[in-house]
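Novice: Please model the complete structure; the sequences and the hints are all you need to start from.
If you read the sequences in order, they're chains A and B.
Per the working numbering, the very first residue in the first sequence carries number 978; after that it's consecutive.
Per the working numbering, the very first residue in the second sequence carries number 986; after that it's consecutive.
The set of hints was computed from the structure by calculation and includes no laboratory data.
Hints may contain errors.
As the list claims (entries may be wrong) - Label-pair distances were calculated between CB atoms; the ranges are:
#1 A:R1059 x B:E1176: 41 to 51 Å
#2 A:V1097 x B:Y1203: 19 to 29 Å
#3 A:V1023 x B:G1205: 13 to 23 Å
#4 B:E1176 x A:A1134: 51 to 61 Å
#5 A:R1059 x B:Q1238: 36 to 46 Å
Stated by the list, open to error - Partial chain B-side listing against chain A, Cβ under 8 Å, derived:
#6 D1027
#7 A1030
#8 A1212
#9 T1213
#10 L1215
#11 D1216
#12 T1220
#13 S1228
Unchecked claim - Mimicking DSSO-like on lysine-lysine, the simulated pairs with C-alpha atoms at most 27 Å apart in a straight line are:
#14 A:K1119 x B:K1058
#15 A:K1119 x B:K1125
#16 A:K1119 x A:K1035
Every residue gets a Cβ at the ideal spot worked out from N, C-alpha and C, and that includes glycine.
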Amino acid sequence: MYLRRFILSAVACAPMLAVMSGTAQAQQVPAATAQAFINQSGQQLVTIVNSSASTSQKAAQLHQLVEQIVAVDQIGDYVLGRYINVATPDQHTQFLQLFHELLSYNITYQIKAYAGISLVVNNAAPLGDDMVVNTTINAPGKAPETVGWAVDEVNGAPKIVDVIVAGTSLRITTRNDYASVVIDNGGAVSALLNAMQNRVTQIAAQ
Amino acid sequence: MRIKKLTKTAASKMACLAVPGLLLSTALSGCATAPPVSDTADYQAYQQINDPAEPTNRFFFKVNDKIDTYAMKPLAQGYVDITNQPIRDHVNDFVTNIGEPARLANFMLEGKPTLAGTALVRFLVDSTIGIGGIFDPAAKLGYTETDTDFGITLGVWGLPEGPYIYLPVLGPSGARDIWNLPVEYFATPMEAAPASEALRIFTYSETGLHLISARANYLGTVDQINATALDPYATFRSLYRQSRDAQLQQIEQGNASPAQ
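Specialist: Structure follows, in C-alpha cells:
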C-alpha cells in the first residue's frame, strides 16, 4: 500500500531532485511557463491516447511527441550516471540510441492500459533547478493518479526531465535499474548495452 | 565518523544474521561480496545500494514472483473483474480504517499530535457514520488520511533505514522497517476484542481482503515494471526506498497530504 498511499509531494521529493540537478544547467523555468508547457504537452498526449488510431499509429505519434517535449538525451546521460566516464564515445552513442528506443517502448506499453483519459494541471513548485508541475490524470475505472512533471530549460526551451509518481522519480529508478546491470557484470558498460539490445530485440519480436 | 561506520557495519551484520533466520535452505546462504575499499567508486556504490544480503534477497524475489504469478495476481485480477472502482474504493476505505488505531499510536510516538488527532477522528467517524469504515465521511469533513507505520516512527526517531531486506511473501523491507511487522500484527482493533471463532474468521478474511486489494492496486504497475525494467529486482528496490524516503520526509515536515 506504500506507493499508493503517497500522493506526489513536491516537498517530499526535494532531496531526490536536488541530487539530479546535473542534467541541464540553465535558468529555472517560471512556474506559469512550466504549467502552460505541461498543459499544452498534456493535451497533445491526451489527444493521441484517446484517438481511434491503432496502437502502432499511436506509438509512432507518441514517439514523435516525446522527442519534442522530453529531454531524452539529458535523461539518458543522467541514467548512465558515473558510467558515462567509463563508456567509450561509441558506447555512449549506442546507449543513447537504445535509450530512445526503450523509452518509446515504455510509453507505448503504458498507453495500452489507458483510454478516455483526461489531464488536469494543478500547482507548480520549484525544486533545485527544476520546476515540478503537478497534474491529476483521470481514467475511466481507475483511481485518479497524481503525476509530477519536472520541467527544465534545455537548449532555450522547456523540456520534461523527469516524471514523479507517488514520491518516486522515473530517472532515479531507471538509473538504479541500469546501474545494477553494470555492477552485476563487473562494471562493464557493454553488458548494459547487451541487456538493452536484448530488450529491444524482444520488443521487436512481439 | 568511527561510530557511524561501526553502526553501519553492525547493522549490516544484523541483517546478515537476521535474514538467515528466515532461511530454510543452506544453499541460499551468503551475503554479497563487498568490493575492496581501495576501489572507491565501486565501494561507494556498494555502500549506497546497501543490500549486503542481495543473493538471498534475489532468491526470495524469485520465490515471491512465482507465488504472485500463480496465486496473488490471478486472485487480484479476478477481484478486479468482479468489482468496479467504487466497490474497490470502499474496500480500500475499510482496510484503511482498520489501520487507523495503529497510525494513531505511531503518530503519538512520532510526536505529531495533529496527525494523531486526525487519525483518532477518522477512526471514530468512519467506524460509526462510515458504517465500520466502508465509507469515508471523515475525508469529506477534511480529515484526510496520512499513512505511517512503526518503520516510519523509527525513522522519525533517527534510526537509519539500514540494509535492504526482501522478505518471503511480504516483499520489500529493511532492517528498520522490518520492526513494523510485529507492531502491525498486534496494533489492530481485533486484538482488543474478546477472542471468538467469529473474530478469528473476520481477522483472516480481513487479512486476505487486504492482500488482494493491495495487489489489485498494483496490477498494471507490476506488469509494467516486469515488462520494461532490465533488472526488476533493482527497480523494485529503488522504488521501495524512494517511496519510504518520501513518506518519512512528508511526516517529518508535517506535510500531510490526502490519501487516494
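Novice: Each of the hints needs a verdict: does it hold here or not?
Specialist: Against the structure, the hints:
With their beta carbons about 49 Å apart, R1059 (chain A) and E1176 (chain B) fall inside the hinted range of 41 to 51 Å. Separated by about 23 Å at the C-beta atoms, V1097 (chain A) and Y1203 (chain B) satisfy the suggested range of 19 to 29 Å. A beta carbon spacing of about 18 Å between V1023 (chain A) and G1205 (chain B) agrees with the range 13 to 23 Å that was offered as a hint. Evaluation of the 51 to 61 Å hint for E1176 (chain B) and A1134 (chain A) yields a pass: the beta carbon distance comes to about 58 Å.
A beta carbon spacing of about 30 Å between R1059 (chain A) and Q1238 (chain B) contradicts the range 36 to 46 Å that was offered as a hint. Given hint, D1027 (chain B) at the interface with chain A, holds; its Cβ is 7 Å from that chain's nearest Cβ, closer than 8 Å. Annotation: interface hint on A1030 (chain B) holds; nearest CB of chain A at approximately 6 Å, less than 8 Å. Satisfaction of the interface hint for A1212 (chain B) is found here, the shortest Cβ-Cβ separation to chain A being roughly 6 Å, below the 8 Å cut-off.
Contact between T1213 (chain B) and chain A, as hinted, is supported at the beta carbon level, the nearest pair being about 5 Å apart and thus within 8 Å. Interface restraint check for L1215 (chain B): the shortest CB-CB distance to chain A comes to about 5 Å, inside 8 Å, so the restraint holds. Taking 8 Å as the C-beta cut-off, the interface hint given for D1216 (chain B) holds, the closest approach to chain A being about 4 Å. Because the beta carbon of T1220 (chain B) sits about 5 Å from the nearest beta carbon in chain A, less than 8 Å, this interface hint is met.
With a cut of 8 Å, the hint placing S1228 (chain B) at the interface with chain A holds, because the nearest CB-to-CB distance is about 5 Å. Between K1119 (chain A) and K1058 (chain B), the direct Cα distance comes to roughly 18 Å. Compliance with the 27 Å bound is thereby established for this hinted pair. Between K1119 (chain A) and K1125 (chain B), the direct Cα distance comes to roughly 20 Å. Compliance with the 27 Å bound is thereby established for this hinted pair. As the CA atoms of K1119 (chain A) and K1035 (chain A) are separated by approximately 21 Å, the hinted pair is consistent with the 27 Å bound.
Consistency with the previously given hints fails for number 5 only.
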